[in-house]
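J.: As a plain string of letters, each chain reads:
There are 4 protein chains.
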Amino acid sequence: MTTLGIIGATGYTGVELYRLAARHPHLHIIFATSEQYHGQQLSEVFPHIDPRKDIPLCATSDIGDEKPDVVFFCTPDGIAMQQAPAFLDRGVRVIDVSPDFRFDTPEAYKTWYKKEHTAPAFMKSAVYGLPELNRQKIRDARLVGNPGCYPTSVVLGVAPLLEQDFIAPGSIIVDAKSGVSGAGRGLKLRTLYVEVNDSIAPYGIGHTHRHVGEMEQELGRFSATKPFVVFSPHLTPMSRGILSTIYVRLTQDLGSKDLMDVYTRRYASEPFVRVLHKGLPETRFVTHTNFCDVRIDRVEGTDLAIITSAIDNLVKGAAGQALQNLNVMFGFPEEAGLV
Amino acid sequence: MTTLGIIGATGYTGVELYRLAARHPHLHIIFATSEQYHGQQLSEVFPHIDPRKDIPLCATSDIGDEKPDVVFFCTPDGIAMQQAPAFLDRGVRVIDVSPDFRFDTPEAYKTWYKKEHTAPAFMKSAVYGLPELNRQKIRDARLVGNPGCYPTSVVLGVAPLLEQDFIAPGSIIVDAKSGVSGAGRGLKLRTLYVEVNDSIAPYGIGHTHRHVGEMEQELGRFSATKPFVVFSPHLTPMSRGILSTIYVRLTQDLGSKDLMDVYTRRYASEPFVRVLHKGLPETRFVTHTNFCDVRIDRVEGTDLAIITSAIDNLVKGAAGQALQNLNVMFGFPEEAGLV
Amino acid sequence: MTTLGIIGATGYTGVELYRLAARHPHLHIIFATSEQYHGQQLSEVFPHIDPRKDIPLCATSDIGDEKPDVVFFCTPDGIAMQQAPAFLDRGVRVIDVSPDFRFDTPEAYKTWYKKEHTAPAFMKSAVYGLPELNRQKIRDARLVGNPGCYPTSVVLGVAPLLEQDFIAPGSIIVDAKSGVSGAGRGLKLRTLYVEVNDSIAPYGIGHTHRHVGEMEQELGRFSATKPFVVFSPHLTPMSRGILSTIYVRLTQDLGSKDLMDVYTRRYASEPFVRVLHKGLPETRFVTHTNFCDVRIDRVEGTDLAIITSAIDNLVKGAAGQALQNLNVMFGFPEEAGLV
Amino acid sequence: MTTLGIIGATGYTGVELYRLAARHPHLHIIFATSEQYHGQQLSEVFPHIDPRKDIPLCATSDIGDEKPDVVFFCTPDGIAMQQAPAFLDRGVRVIDVSPDFRFDTPEAYKTWYKKEHTAPAFMKSAVYGLPELNRQKIRDARLVGNPGCYPTSVVLGVAPLLEQDFIAPGSIIVDAKSGVSGAGRGLKLRTLYVEVNDSIAPYGIGHTHRHVGEMEQELGRFSATKPFVVFSPHLTPMSRGILSTIYVRLTQDLGSKDLMDVYTRRYASEPFVRVLHKGLPETRFVTHTNFCDVRIDRVEGTDLAIITSAIDNLVKGAAGQALQNLNVMFGFPEEAGLV
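Residue numbers (this note's numbering), protein chains in the order written: chain A, 1 to 339; chain B, 1001 to 1339; chain C, 2001 to 2339; chain D, 3001 to 3339.
Calculated from the structure, these hints are not laboratory results.
Hints are not guaranteed to be accurate.
The list that follows gives simulated cross-link-like pairs (lysine to aspartate or glutamate, EDC-like), each with its CA atoms no further than 20 Å apart [what the hints assert, rightly or not]: (1) D/Lys3257 with D/Glu3300; (2) A/Lys53 with D/Asp3050; (3) A/Lys278 with D/Asp3050.
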């Protein structure tokens, strides 16, 4: 059995990772931390956890020199960059589900997260954990920066066209709709039931959301010129799910069928990307799964195409993708524990 | 125009009261306080407020010796008992939408709210503001204790039978379902969207919820022996509304029609109680209205009857009823501003 | 009192119109029809209707030669074009809340609604009922085509820039999110609770939705060249509300403040458009009101601006706007019955 | 591999059973029928189905003489009683998730389902499929009547007390709250999103719901006198889940701890019943699981106790329990495919 530890097991992502990992046939969880709830059983905080799979929560300071094969960080930004190096130094592989190791440079991190990166030396060796685009590098990575939820849906949606130069990189408009778990389990007026229920709300629109930098960096790997992403996230009255409706300008006259072929070919052997030939992606079809559903439609009479892409923000957008990365890193079947 | 002030205008009840009062044909609002948001316009906190009806929020300490005709307290328990006396002493009538002046004795208040009452002298003169049962006394009251949301739905549902000795006072079982606004606008993990959505949850069941004392006191006015209310509230995934499903034991063999007749007669001239002869109460039929919908069904083959009663917890259960009380106190048509 | 009749009072729009009209100080409703429920009281179908304002439902065939001052059609497409002429011929003014009289030509109607128009002679005199843009013509209109819900939010959002040539008419991308009442009260698998809840779904994206023709026609009045609207509607888990997030390409280098000034000036005297200088439009702020909230944000570093526009699809997007039109047509204060 | 077929795979229960069975380590699905969608792939009707686990839908008439080890009926009442005998006659075991084989007598079936039973000879050998109470009989059963959703939550909640004579069988009050999937996937006005959203509604209260007969029959096995269940179901704005709040009268003076001990002992070795010692059952804790969470609280000062019991109506209340029964019948670990 591969052993693992979870730092930050009582946020929405942390407990989802725990739940999935506990069902994985080849994994054994040896610790789960919570600064808020340590001393309690995980099932006291989340009664849905099967008692047969329960675990006591400890503080990070109690881990001592435990040496699992891999540690996951499901923490707010700024924690992993401080704590991951010690694990890496003693040979533990790290999958950081927080944003700390997604960026190439400390400057980029500072631009979008407004703080100095404290472990710039480790950024270089970190691999961006999107298996569909980076599988080879992930295999041998010691440190994986697990993608953000919005970027997962957008990069999987846009990369197939961008890498073929079929779209203009400067004109990517992403209108995204996210479930409320994406805002975390912290106490905020904005995520109270009464404030969210029965209403949809845009926020941080334009070029300001912290995921913009991540999207542009990753899409930039497929483009000679730096992409520009206009990004409009919307808080949507649902617990989970992200739908990205993406407007791109084609550089060549390709019809819907040609465009769909690009996606079909690109993702032919991918276990977790479904190219929908009938119907459009909806978040309910991917909820509680590790799938990304994607589709493209040419708008006749224009140079525009509309890509629609749906994921579960807590699974393919976080915990599920983290396990998919683990499967790649440790040589398990990529679907292990995820179907 | 009758002038009024609102203490605590930025909770869910406070802003609902503001919205309703601003539409009332005979009222003029001269101040609205918020300890959290003073200095801002009300519309900055609640953008749904019509800008033509906006008001600057002030701190309570800024009111000075303003002397409106009536002041409403839409505050947590413990505030009105401290601040209402000064208003009353200078001739301002008070409608307390908080629980501070609902009880007959300081002992009862302490039993259920776990704190000493600081204005026991004023409790005596306070009138319980349920117009359907107390209209005469409300007319001349200087101080009204506006009923709690659950008690409104329960007392209106049970009183018609109890006052005729048709049911056993010791066997009243109330299974109530409330929308989330009843839990207030404070930051609590329990009322985050993701914790509430798509799930129903009982809480504080049995004989422990603070509204039990209020129900038993008010129902006791109609009964020779003290009633005993078993009360099971449930947090329900909806923003507003209370449905009480009430199980009572009949002392006489009355059929559904006889029982309905009791209600029809009792509430014949009431502007805000609808006795439903077709279909059962549902919260959606009373949302955003001051109605209480009520119905009774005998369970054949038993001595049980089931009363169902629905209100909007923020309107008939709080702000709307407060305005109904104002209408009674100031001689306006009882429906003014409420239809 | 101005007298009115409602054809089709038991759809979501019809009952909303009834509810609003019954509260209007200058109106008297003399009939309300329902082919499905005639013979019942309206309150039997919709128990939320105040019994003091109830009305018996009749079949359209029972109206006879009743001659109210105005008749509203809240019917599916294809009914008003058949029945409105008889009313108009006997001097009754008509406000058609269905799509039958929104188009300039029978050809355009056929293109988008896939049927022959049976009253082309009346199309010419019909006025498109968007008071903010057409107030003068509405005043004297005998026949008003009340705008569709999506077009209301889009035309109010885009017209101020288009009429000044500040944006390119060929590059208007509308990403719209609608509550489920927009799909009507008919029985469709797609609008069952379980199919909608906790999920967001795009549908009919690109250039296919029937409201595209209406938007392009109306926006075309402000532009030398025919506009092209790319339109992506999304079914959103909420009962009411439309949010349109609109991406436009500026033809001049205007900053956010300049752009906001355009809107502020354009709508300065409008009673039902709020230009939001703080925060973005959210549907909850306009629900159950006749407001359209609008805002524009320039995306720095690009020629793009993002317009966000929110309405309640059943009020400003249908019944409320119909009453606003009535107020204009009959010389009432424009806000009568709507605040 | 054990082979199985599903009759009626495109209702909410049918597709849930398919999804669970497709993940079960020892099962192979050889057919899935749908009278409405035959000719399509299951994933065309439910795009959330993993394409690797897809199946073509056939009409029941196309099955021919296929002979799987077991057939499940996920059909409306009245189908299984006609079609199950042919399967049984050729040696196929049947798990009927419909109500047709839950009753002991054709008279009882007729009383509650208002139709003649057409296979009374098979009723005798049918076993009521609640493993916690009937495990031995299920093991050898050829025909299992899988319990209804409400009865599962109620019988598991009440049986431990009734079998010890600790409660009065004539005074069982069940106030139940159900998610909307319990009403099925058929087209009904009552289950449209807009009719359900943001509201709670009682229906069929008293002694009329068809599940009452099933509850009384099964509870009757534990009681010398026939139990009487007062049952008030409520349609709740959530997709899945049932919470039953049950009021019982104790015949002995037992405290909360004593009562909890009864449950703890009774269910000590049950894999799918959790007796909650901390906190009350909520539907979100059991959603998408086969657990029944249960708890009991004595109401001090009365002879009442309140049992709260929560399940997922589609899992423990239908498809999950059906698989649990299969596991018992075929000698698999009882949790196989369910954790």
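J.: Does each hint fit the structure? Answer for all of them.
T.: Hints, one by one, checked against the model:
{"no.": "1", "hint": "D/Lys3257 with D/Glu3300", "verdict": "holds (12 Å)"}
{"no.": "2", "hint": "A/Lys53 with D/Asp3050", "verdict": "violated (26 Å)"}
{"no.": "3", "hint": "A/Lys278 with D/Asp3050", "verdict": "holds (15 Å)"}
The structure fails to meet hint 2 from the earlier list, while all remaining hints are met.
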